[in-house]
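Trainee: Given chain A, put chain B with the ligands in place with the hints provided.
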Amino acid sequence: MPLTELERGRVLEIVRRHGSEPTRLLQILREMQEEFRHVPGEAMEIAAAELGVPRPQVQGVAEFYSFLSLLPQGRFHLLISDSISDQMLGSRELAAYLAEKLGVEPGATRADGRVSLGFTSCTGLCDQGPAGLVNGLWLSRLDCQRIDLIADAIERELPLAEWPGEWFAVEDNIRQPGLLLTGPIEPGSALKLAVENGFDAVFTEIDRSGLRGRGGAGFQTSWKWKFCFEGPEELAICPVDKREKIERYVVCNADEGEPGTFKDRVLLNRYAHQVFEGMTLCAGIVGASQGFLYLRGEYLSLRPRLEAVLAERRSQNLLGVNILGQAGFDFDIEIHLGAGAYICGEESALIESLEGKRGVPRNRPPYPVTHGYLGRPTVVNNVETFTAAAAITLKGGEWFASHGTEKSKGSKILSICGDCARPGIYEYDFGVSIAQILDDCGAENTLGVQVGGPSGTFISEREFSRRLAFEDLASGGSFMIFDQSRDILQIVRNFTHFFAHESCGFCTPCRVGTSLLRNELDKICSGHGTAGDLVELGNLGRFIKSASHCGLGQTAANPVLNTLERYPEVYQARLKSIGFEPGFDLDGALETARRLTGRDDAMAHLEQEES
Amino acid sequence: MTTNPTITIDGKTVPFREGETLMEAATRAGIYIPHLCHNPEFTPHGSCKLCTVQVNGRNCRACTFPADVGQTVLNDTQELNDTRRTITQMLFVEGNHFCPSCEKSGNCDLQGAAYFLNMLDGHFPYFYPSRQMDASHPDVLLDRDRCIFCELCVRASREVDGKNVFGIAGRGIGNRLVVNSSSGLLKDSELDAGDKATQVCPVGAIIVKHHGFEVPIGERIYDGKPIDEVSLAKEMAMGEGENG
Ligand SMILES: Cc1cc2nc3c(=O)[nH]c(=O)nc-3n(C[C@H](O)[C@H](O)[C@H](O)COP(=O)(O)O)c2cc1C
Ligand code: SF4
Ligand code: SF4
Ligand code: FES
Numbered sequence: 000m001p002l003t004e005l006e007r008g009r010v011l012e013i014v015r016r017h018g019s020e021p022t023r024l025l026q027i028l029r030e031m032q033e034e035f036r037h038v039p040g041e042a043m044e045i046a047a048a049e050l051g052v053p054r055p056q057v058q059g060v061a062e063f064y065s066f067l068s069l070l071p072q073g074r075f076h077l078l079i080s081d082s083i084s085d086q087m088l089g090s091r092e093l094a095a096y097l098a099e100k101l102g103v104e105p106g107a108t109r110a111d112g113r114v115s116l117g118f119t120s121c122t123g124l125c126d127q128g129p130a131g132l133v134n135g136l137w138l139s140r141l142d143c144q145r146i147d148l149i150a151d152a153i154e155r156e157l158p159l160a161e162w163p164g165e166w167f168a169v170e171d172n173i174r175q176p177g178l179l180l181t182g183p184i185e186p187g188s189a190l191k192l193a194v195e196n197g198f199d200a201v202f203t204e205i206d207r208s209g210l211r212g213r214g215g216a217g218f219q220t221s222w223k224w225k226f227c228f229e230g231p232e233e234l235a236i237c238p239v240d241k242r243e244k245i246e247r248y249v250v251c252n253a254d255e256g257e258p259g260t261f262k263d264r265v266l267l268n269r270y271a272h273q274v275f276e277g278m279t280l281c282a283g284i285v286g287a288s289q290g291f292l293y294l295r296g297e298y299l300s301l302r303p304r305l306e307a308v309l310a311e312r313r314s315q316n317l318l319g320v321n322i323l324g325q326a327g328f329d330f331d332i333e334i335h336l337g338a339g340a341y342i343c344g345e346e347s348a349l350i351e352s353l354e355g356k357r358g359v360p361r362n363r364p365p366y367p368v369t370h371g372y373l374g375r376p377t378v379v380n381n382v383e384t385f386t387a388a389a390a391i392t393l394k395g396g397e398w399f400a401s402h403g404t405e406k407s408k409g410s411k412i413l414s415i416c417g418d419c420a421r422p423g424i425y426e427y428d429f430g431v432s433i434a435q436i437l438d439d440c441g442a443e444n445t446l447g448v449q450v451g452g453p454s455g456t457f458i459s460e461r462e463f464s465r466r467l468a469f470e471d472l473a474s475g476g477s478f479m480i481f482d483q484s485r486d487i488l489q490i491v492r493n494f495t496h497f498f499a500h501e502s503c504g505f506c507t508p509c510r511v512g513t514s515l516l517r518n519e520l521d522k523i524c525s526g527h528g529t530a531g532d533l534v535e536l537g538n539l540g541r542f543i544k545s546a547s548h549c550g551l552g553q554t555a556a557n558p559v560l561n562t563l564e565r566y567p568e569v570y571q572a573r574l575k576s577i578g579f580e581p582g583f584d585l586d587g588a589l590e591t592a593r594r595l596t597g598r599d600d601a602m603a604h605l606e607q608e609e610s
Numbered sequence: 000m001t002t003n004p005t006i007t008i009d010g011k012t013v014p015f016r017e018g019e020t021l022m023e024a025a026t027r028a029g030i031y032i033p034h035l036c037h038n039p040e041f042t043p044h045g046s047c048k049l050c051t052v053q054v055n056g057r058n059c060r061a062c063t064f065p066a067d068v069g070q071t072v073l074n075d076t077q078e079l080n081d082t083r084r085t086i087t088q089m090l091f092v093e094g095n096h097f098c099p100s101c102e103k104s105g106n107c108d109l110q111g112a113a114y115f116l117n118m119l120d121g122h123f124p125y126f127y128p129s130r131q132m133d134a135s136h137p138d139v140l141l142d143r144d145r146c147i148f149c150e151l152c153v154r155a156s157r158e159v160d161g162k163n164v165f166g167i168a169g170r171g172i173g174n175r176l177v178v179n180s181s182s183g184l185l186k187d188s189e190l191d192a193g194d195k196a197t198q199v200c201p202v203g204a205i206i207v208k209h210h211g212f213e214v215p216i217g218e219r220i221y222d223g224k225p226i227d228e229v230s231l232a233k234e235m236a237m238g239e240g241e242n243g
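Protein chains in written order, with numbering that gives the first Met the number 0: chain A, 0 to 610; chain B, 0 to 243.
Hints should not be assumed to be uniformly reliable.
[What the hints assert, rightly or not] For lysine-lysine, the following BS3-like pairs were computed, each having C-alpha atoms within a straight-line distance of at most 27 Å:
(1) B:Lys195 / B:Lys224
(2) B:Lys195 / B:Lys208
(3) B:Lys11 / B:Lys224
(4) B:Lys208 / B:Lys162
(5) B:Lys224 / A:Lys356
(6) B:Lys162 / A:Lys356
Everything labelled a hint here was simulated from the structure, so no lab data went into it.
Pulled out of the complex, with its shape left as it was, chain B reads as follows:
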């Protein structure tokens, strides 16, 4: 008889399968590790750093780091949650997140993470970028000032839609989301409102038009439930679908 290999996360024994990441093992065990750029449907990216955990004393990203025998993982600690809160604050001040006027408010993962991490202010001075807004497409709006460079739209368009509508250009703090068309505008790209790429943005940077405030503020996802519950419910179900 072979026993499943295991790791421990915050003292709890968690089994994992060969080739699994820490995030995958944790999710299956019902443990929430905060994340923004990770979505189990796509290739892990490892850029936002919200999923930072400590593996045998070293900082690692749970969404990309392979689980292995002998790992003692720390996840829900004061220190790690402080780090995650700082990251969230940085993402808020880097862009323009005027939540009350954003159609995503209440359904936004960045907000959800901020509530969960008990973030009360932006802490850092705001950058107030003025990146180009793209309202050219009949059905989709792109507000770059809200983009957090998670590249989920890039991956969804490439891996699921097979269209490569989005990409990242620029460097450093000058990074920007670019669109695959000669004019650089969404209306001249192959994007359709029903594409996966329009549904994965964790914030309000990509918004499908003609659906304003159908669910009123106050009754939206994170108005009622914390992100750990929402995320686990969704991603554990996805995991079961895969195995079933």
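Excised from the complex, chain A in its bound form:
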């Protein structure tokens, strides 16, 4: 349907409100989605012309992000989290109940345009699931009763603003505070100290603390900041103060997309000042005047509060021009929203996304720290890293370094979910044993733990004496517990489907490989696998791991490989035990023919012979 004159005007208004800047493309498309419940083709055209970018680029972005859609969604758009922890709490059954209640299939929009339903990757509410999103806002602790009420509100077209607040309520659930979570620093206190003592002194403390990145890879934070300050090699010969020469950027990675991770959600909710203070300290050290908080689309609910904190900091001169009276210390922070793409947590994909593009990881070298946002030196750090940096500035590097282990100083904040009595946030000094953690959160009859999310490591009950540390088990924060009642293959399937869904598609091994791996695993789980399929599964997994372009592909097969190694018998038990083994599902093999001929009658199906 062509847009009306009025609607075309609205589109232009949105684009212009963003200064007709191509870097704002994703933010612009998000607003179009909100306004029209989809991104109309004509709107893409108008945006392309106004921004001066080719139409395929706009379409490329619109089709890349899960939260943007080319077809109209309902006025109430419901997404149910498909994370394993939500599934274990019955999310799939609830979604089916909801679908029936509303008369709409998952993935579809009801004919009257009122409501649409779908599934989405982890929404970061694993400690209070089953969870979901309505028009991008969190819904926690769903159950049948709540769903009845929600369905009723939808049928009455009750505006979201009038829905009861408790439906959206999200608890912090801080169960065990440690070094950082005992309380936020006084806003501005670390910055004041920095302005008094100088940024070189702050850098020395950060360096002394031994702080390593909390987003997963564990790169030494002080080095990253130093490399950014030094800039690209071309600048090495530059005689004047490097800080004056080119623009630099500080980016806080709040994409938190690893299923089972929700500690950044809590830090942003309760420690926002401290996070921004950490970013501002970093800016002072590297010489940046612009910062970004890349906030995952699933955390839209946090935005108003974060904007308010930023406004407060501006009014207190903790952001803006001549911060705390120091001439030339200018820095401000802008919030960029993601739109449903796990890959945008990878730092170079994140930067592409910040530039308004598809979240495709870049070729390295060059690295973002010297050639990042708009090709300029850029620091990308996790939310927790900045939180820690602010505390270290205030309390000293020694304070931090006296905790933890040799190679992993300080503490780690974990988000714990799954089969335990008290899911939530736990902070430990590095070096703590898995057994201790399980004990603290009230886990019983534990079968295994997924440490570090699907991209991390699945450990079995024989390994609970292992320790949380970069030297042994690293984790970006996800800690998912499974008890003896759980089916390992069901867990592995969930993770493997997740990666296939989130692959950006840039490189062959991951684009094709993750789908092949998913199909192979499904075949085995559905009882159609043979011994040859198991060999194939392992080979395929190892291939994807070694040949892929970025961390997503390089870890996508971990769930399969980890469990193949630890529980070969579980896989073996699913194999078809027939002497004469068709290497495929006979009926499944006819699927293409059925699709091509448009048939689905009984005669178009084949029974597999069981022996």
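Mentor: For chain B with the ligands alone, kept in the frame of chain A given last:
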């Protein structure tokens, strides 16, 4: 006197110039590194991963990785060629490559690479996609089921033709090539048959019409010569042109 910096590739000493990639240095030295998404005329892309080599023990892409002193590069090894064969198989099963009915057969780089890597079957189950075919343009045909997402047409249209006719949309296995026009059809785009973008497709996804089977099957490029020879002859000559 300054000596040129060098690396070694499979034990052979290879000189390189400041800022050169491994692929560029290798090509100038007459060493073939298998590649599909790379074409020296355009900005390197690094997506197909066929050019994977080992640099001091680590997997790197030769088409994007800068050469540097002290690099020991492995290229023609059993392990790397196995990896490359698997990649080629994945590209075959991802699309619909019914070679006998394709006008590109014999001139197709994907086929050429498959012969070179001794690929005998698709190995994996076929996806049989049914992506939209675009025959709307009077002179150019776009068969998306054969596309391998090398983005050479995207780069050629942007960097040489200055038209931006093509782009990639979708995500993951759902990636698809899209065309710059309101209808999404080639006939409404700015594409001309003589554009660079119509000449660079390594497979039979973009075909210029009205030129069916002028060279018979059996006498085509890779029917007679292996891809390493063909590729080196072409790309070494291009390199000399640049320097001359
Ligand atoms: C697929 C993928 C997803 C990632 N997601 C996140 C994320 O959500 N948050 C994060 O901080 N780091 C994430 N990372 C790691 C980042 O690339 C980067 O290493 C990190 O943000 C650096 O910050 P740090 O040094 O403070 O850890 C991800 C990496 C990959 C490969
Ligand atoms: S490994 Fe996967 S996510 Fe990473 S670039 Fe390749 S296709 Fe994209
Ligand atoms: S159409 Fe051809 S040139 Fe373009 S991306 Fe596909 S395979 Fe590459
Ligand atoms: S040729 Fe290097 S990745 Fe394709």
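Trainee: All hints, please: hold or fail.
Mentor: Checked hints:
no. : hint                : verdict
1   : B:Lys195 / B:Lys224 : 25 Å, holds
2   : B:Lys195 / B:Lys208 : 15 Å, holds
3   : B:Lys11 / B:Lys224  : 25 Å, holds
4   : B:Lys208 / B:Lys162 : 20 Å, holds
5   : B:Lys224 / A:Lys356 : 41 Å, violated
6   : B:Lys162 / A:Lys356 : 19 Å, holds
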